[in-house]
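Engineer: Here's the letter readout for the chains.
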Amino acid sequence: MQGRTRGPKSTRLLATARLCDYKVWASGAGGRPAVPSQRPIGVRLMLEDGLVIHVSPKLVTHLMAAGVEEAELRTVAAGALARSLYERKVLSLGLAAELADVERAELVADLADRGVPLINLPLDQAESELALVDTMLQRKRQA
Amino acid sequence: MIVADSTAVTALTLAGCVEVVGRLFGKVIISTTAAREMNEVLAALDPDCRPPEAKDIDPVAIDVPLTAMSMSESESIELCRQVKSRLLISDDPVVRAEAAKERIACIGTLGILYAARSRGIIQDIETPLERLRRLGWFISPECEQLLLSRAGG
Numbered sequence: 001m002q003g004r005t006r007g008p009k010s011t012r013l014l015a016t017a018r019l020c021d022y023k024v025w026a027s028g029a030g031g032r033p034a035v036p037s038q039r040p041i042g043v044r045l046m047l048e049d050g051l052v053i054h055v056s057p058k059l060v061t062h063l064m065a066a067g068v069e070e071a072e073l074r075t076v077a078a079g080a081l082a083r084s085l086y087e088r089k090v091l092s093l094g095l096a097a098e099l100a101d102v103e104r105a106e107l108v109a110d111l112a113d114r115g116v117p118l119i120n121l122p123l124d125q126a127e128s129e130l131a132l133v134d135t136m137l138q139r140k141r142q143a
Numbered sequence: 144m145i146v147a148d149s150t151a152v153t154a155l156t157l158a159g160c161v162e163v164v165g166r167l168f169g170k171v172i173i174s175t176t177a178a179r180e181m182n183e184v185l186a187a188l189d190p191d192c193r194p195p196e197a198k199d200i201d202p203v204a205i206d207v208p209l210t211a212m213s214m215s216e217s218e219s220i221e222l223c224r225q226v227k228s229r230l231l232i233s234d235d236p237v238v239r240a241e242a243a244k245e246r247i248a249c250i251g252t253l254g255i256l257y258a259a260r261s262r263g264i265i266q267d268i269e270t271p272l273e274r275l276r277r278l279g280w281f282i283s284p285e286c287e288q289l290l291l292s293r294a295g296g
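Line order of the protein sequences matches chains A and B.
First residue of the first sequence: 1, per my numbering; consecutive thereafter.
First residue of the second sequence: 144, per my numbering; consecutive thereafter.
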C-alpha cells in the first residue's frame, strides 16, 4: 500500500488532494512534478498551516463513497478539534472559534445546540470564586 | 475600575440580570472587540435580548499586541493592566489562567449571581439559571450544584 509507506517523499500527499473525484496526488521526490495516483492512497488535511491529520487509504475510500469532500472533512475536523479542546479547557472560546474558523457567535450557538456547558470551571476554581465573593461582601459590610 | 471580557456579561445579559454587575461593582469596562462579540452572541441566541447599557458595561477601544489568546481576550487582560484593575469578570478558564499569571483575580457568572443573591439584589438563583438553560447557555452540573447549595436556590 503506497499510502502506508513512510519516509520517501514520493509517497507524500499534497494537501490539495480532493476526496470526491479520486484526484489524489503524490508529490515527486526531489522537487519533481507530482504524478497522479491510480487509486486513493490517503490524504493529509492541513489545518491552519501546521496541524496535519493523516486520513488512511481505507478511510479515504469510505469517505469518497459517502460523497464527503475534502473541504467538508477539513471543516468537520477543525470544528470537532476546536470543540474538544474548548471542552478540555485547553483553548479559550475565542481561540476555539479561530481554530474552527467561525465567528464566536457561531461557535457559541453550536456549543449550545450540543449541550456543551459554557460555564465550566474546575470545581476548586468555582469554590475559590464563591469564597472570594464572601470575602468581598464581608469587607463591604465592615467598610 | 473593573474589567470584563464577553463571557460572563453575555451570560448575565441572557439571564436577564446584567444590571447586577453595575450594582455590585459600579461601571465595568469591556473592550470594543469583546462588546461586539457579545452583541453578536446575544443576537444569535436571543434576538429579543437587549445589550447592557453603557452605564453598566462601557466599551473601551484598545490596541494590543498579538498574544496566545484571541483579540478580545488579549484586550481584556491589557485593559486590566492599563486601568490597574485587580479583578476581571470572565467565565473562560483559559482567560482566567492568563489573568492569574498577572495576579488578577477573576469572578464570573457563578460569583456574581451568588453575590447578587447574598445581597438580596435578586430574589432567587433558579430564575436566571432557567433562562440560561432555555437558551442553551449551560452551566456544568458540578458548578450549578455548588452555586445552588451555597446560594440556597
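Don't take every hint at face value.
To be verified - Lysine-lysine pairs mimicking DSSO-like chemistry, simulated, CA-CA at most 30 Å apart:
| # | chain 1 | residue 1 | chain 2 | residue 2 |
| --- | --- | --- | --- | --- |
| 1 | B | 170 | B | 244 |
| 2 | B | 227 | B | 244 |
| 3 | A | 140 | B | 227 |
| 4 | A | 89 | B | 244 |
| 5 | B | 198 | B | 170 |
| 6 | A | 58 | B | 227 |
| 7 | B | 198 | B | 227 |
| 8 | B | 244 | A | 140 |
| 9 | B | 227 | B | 170 |
| 10 | A | 58 | B | 170 |
| 11 | A | 140 | B | 198 |
In short, the hints are calculated from the structure, not lab data.
Engineer: With reference to the structure, classify each hint as holding or not holding.
Structural biologist: Verification of the hints:
1. Of the supplied pair hints, the one linking residue 170(B) and residue 244(B) holds, its CA atoms being roughly 25 Å apart against a limit of 30 Å.
2. In summary, the hint linking residue 227(B) to residue 244(B) is supported, as the alpha carbons are separated by about 14 Å, within the 30 Å threshold.
3. Restraint check for residue 140(A) and residue 227(B): satisfied, since their Cα atoms lie roughly 20 Å apart, inside the 30 Å limit.
4. Only pairs whose Cα atoms come within 30 Å are accepted, and residue 89(A) paired with residue 244(B) is accepted, the gap being roughly 16 Å.
5. Among the hinted pairs, residue 198(B) with residue 170(B) is consistent with the structure: their alpha-carbon atoms are about 6 Å apart, no more than 30 Å.
6. For the hint pairing residue 58(A) with residue 227(B), the CA-to-CA distance comes to about 57 Å; that exceeds 30 Å, so the pair is violated.
7. Note on residue 198(B) and residue 227(B): the hinted pairing holds, with a Cα-Cα distance of about 20 Å set against a maximum of 30 Å.
8. For the given pair, residue 244(B) sits about 26 Å from residue 140(A) by alpha-carbon distance, which is consistent with the 30 Å threshold.
9. Note on residue 227(B) and residue 170(B): the hinted pairing holds, with a Cα-Cα distance of about 15 Å set against a maximum of 30 Å.
10. Under the criterion of a C-alpha separation no larger than 30 Å, the hint pairing residue 58(A) with residue 170(B) is inconsistent with the structure, at around 59 Å.
11. Distance check on the hinted pair: residue 140(A) and residue 198(B) sit about 22 Å apart at the alpha-carbon level, within 30 Å; holds.
In this structure, the hints that do not hold are numbers 6 and 10, in rising order.
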